[in-house]
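Trainee: Please model the entire structure based on the sequences and the hints provided.
Top line first, the protein sequences correspond to chains P and D.
Number 167 in the numbering used here belongs to position 175 of the first sequence; there are no gaps in the numbering.
Number 93 in the numbering used here belongs to position 101 of the second sequence; there are no gaps in the numbering.
Please note: incorrect hints may appear among the correct ones.
[What the hints assert, rightly or not] Dumping the calculated DSSO-like pairs for lysine-lysine here, alpha-carbon to alpha-carbon at most 27 Å: (1) P:Lys214 with D:Lys258; (2) D:Lys292 with P:Lys29; (3) P:Lys29 with D:Lys294; (4) D:Lys232 with P:Lys34; (5) D:Lys258 with P:Lys(-1); (6) D:Lys213 with P:Lys34; (7) P:Lys123 with P:Lys177.
Worth flagging that the hints you see were computed from the coordinates, not collected in a lab.
2 protein chains.
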Amino acid sequence: MMFDVPKILDIIKTRNAKTVGFQFPEGLKRQGPALAKEVEEKSGALVIVSGDPCYGACDIDEGLLGIVDVLFHFGHSRMMDDERIVFMEYYHDVDVERAVINALPLLGRKVGVTTTVQHIHKLDEIARTLKNADREPIIANGDSRVVYPGQVLGCNFSAVPEGVDSILFVGTGNFHPVGMRLARKLPVVAADPFTGEARLVDVEKMMRQRYAVMAKAMDAKKWGIIVGMKPGQRRMELAKRIKGLAGDAVLISIREITPDRLQSFKVDAFVSTACPRIAIDDAGMFPAPVLTPIEFEMLKGKRKWEDMAFDEIKGD
Amino acid sequence: MMFDVPKILDIIKTRNAKTVGFQFPEGLKRQGPALAKEVEEKSGALVIVSGDPCYGACDIDEGLLGIVDVLFHFGHSRMMDDERIVFMEYYHDVDVERAVINALPLLGRKVGVTTTVQHIHKLDEIARTLKNADREPIIANGDSRVVYPGQVLGCNFSAVPEGVDSILFVGTGNFHPVGMRLARKLPVVAADPFTGEARLVDVEKMMRQRYAVMAKAMDAKKWGIIVGMKPGQRRMELAKRIKGLAGDAVLISIREITPDRLQSFKVDAFVSTACPRIAIDDAGMFPAPVLTPIEFEMLKGKRKWEDMAFDEIKGD
Chain P
-7 MMFDVPKILD IIKTRNAKTV GFQFPEGLKR QGPALAKEVE EKSGALVIVS
43 GDPCYGACDI DEGLLGIVDV LFHFGHSRMM DDERIVFMEY YHDVDVERAV
93 INALPLLGRK VGVTTTVQHI HKLDEIARTL KNADREPIIA NGDSRVVYPG
143 QVLGCNFSAV PEGVDSILFV GTGNFHPVGM RLARKLPVVA ADPFTGEARL
193 VDVEKMMRQR YAVMAKAMDA KKWGIIVGMK PGQRRMELAK RIKGLAGDAV
243 LISIREITPD RLQSFKVDAF VSTACPRIAI DDAGMFPAPV LTPIEFEMLK
293 GKRKWEDMAF DEIKGD
Chain D
-7 MMFDVPKILD IIKTRNAKTV GFQFPEGLKR QGPALAKEVE EKSGALVIVS
43 GDPCYGACDI DEGLLGIVDV LFHFGHSRMM DDERIVFMEY YHDVDVERAV
93 INALPLLGRK VGVTTTVQHI HKLDEIARTL KNADREPIIA NGDSRVVYPG
143 QVLGCNFSAV PEGVDSILFV GTGNFHPVGM RLARKLPVVA ADPFTGEARL
193 VDVEKMMRQR YAVMAKAMDA KKWGIIVGMK PGQRRMELAK RIKGLAGDAV
243 LISIREITPD RLQSFKVDAF VSTACPRIAI DDAGMFPAPV LTPIEFEMLK
293 GKRKWEDMAF DEIKGD
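Mentor: Right, dumping it as structure tokens:
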């Protein structure tokens, strides 16, 4: 079974919940209706599935939360403490060993080990594989925004250990490893369990793109400072501080930051204080330059150009 | 001045508001930053402009509302009573007389007069023009969802009078007059003040499209019942009733109903209990048939096919 139905039923029963919300990340959403049907039949509760996009534990559907007795948020680990929200993690059974073995030639001796929540149950196995190859795996605790030692988010690399030669990231995609490479200035090896491949992460291309976006924003007079309205992305104090540095600037609150929503505003450039990923992943689609707060500080001379870093949302 | 700045400043001062939200419909949004700047300079309050889409008074940005002392919602008349929301209507100065004169040959003697809030201040002038042409204008009160006599919304035609020969709609677009034509089975004449043109409203094409959508949904086994999450569109009881009629059905909550959000769900057809306009205006773009609750009832034999009507959201 992919979802822990007995646990869901138990929580519904214990809380005597009559109306229940389900929220899935995009990759699990198609399974929503079948799970809703099964839980409705077995519990008698009414299930409402969120149809709005969901990209992380930061991205709680507050509208749905407001009309249900309990909201089950699938696929991500706990980020905020709200007893109405139950975070239901989702683990992949995919084998990690081959990818880790393929990473070995690229790693130093002292290896910081990181992964995302769907492979977090394989952390011991990853460490064992490294030890068997005469490496010293180091797994560190992150801040309050993450749950597990070794766990990273696209916006939080607090669990990357200090004092290592290199960092191993077990997972998919380029965003996490690139962020760690910039955050720690250490070699990062990305090992993808799904393909079995491992590679040394290169940040050159991404850096060039970011400097190009910053160059375009150089002469901006009017700024739009975006406040993300998703609960775990709402950095109001940061947005106010950036607005103060920007001069002619307007605060703009947005839930889903899309090109057409930015198009509605006649400003020369934007700074996004929402999910750090948005400015970077969607850069090519936006009608005007969208900077991270760190890039904006560099542009305004408040930060040295060699101190380029990834924007992170820190916990406590 | 297009916006009533003194009134805005007065409300901010009276309420001692420190943080203020602005929400604009799409057509006014580009003016947001300049108005925000002026109000910030004159009041000392911090202004946050909503960057999320806004299509009516039903469409309150609840996220923004939650972090400001007062939310100014521009361009629409009051729909809900919430002292934190100030509805700032927006009137067009465009002349209406020429369009009404052009409508005369198409109208009967007893004419129900309707318009939208941006021309509502011209209602007396419209009535006078009709009287001068020997017509009897009838202006009726609507239910609690509208504010002014003669005012219609895309989802509410309660201010269309009974006992008239024909209906005059002064305004733009096809949606309101088509809705009235279906709601009242009377000739509707649409007079557009911006072009000066008047025309008898034809519902044939739209009806054909709707029956085609219903035909496609005929064999649907799995249904997605959409609950709109915008405050004035949330019809939970209706959604539950439709779900009960649908058999194999899942409730899906959505804020912005877009083709890609529906694409995430593997169901055969949808029923939208949100804004009635969505099923109809965006029909061609959706990945599966999207019916209004009324169309769904027809399909399920709960309503006669000759009783086709527009879905309305009624007030008290």
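Trainee: Now tell me if each hint is right for this structure.
Mentor: Evaluated hints:
1. P:Lys214 with D:Lys258: This hinted pair is violated, its Cα atoms lying about 44 Å apart.
2. D:Lys292 with P:Lys29: 21 Å, holds
3. P:Lys29 with D:Lys294: Roughly 24 Å between the alpha carbons, so the hint for Lys29 of chain P and Lys294 of chain D holds.
4. D:Lys232 with P:Lys34: 18 Å, holds
5. D:Lys258 with P:Lys(-1): Since the Cα atoms of Lys258 of chain D and Lys(-1) of chain P sit roughly 25 Å apart, the hinted pair holds (cutoff 27 Å).
6. D:Lys213 with P:Lys34: Cα-Cα ~21 Å, so holds.
7. P:Lys123 with P:Lys177: This hinted pair holds, its Cα atoms lying about 24 Å apart.
Checked against the numbered hints above, the structure violates only hint 1.
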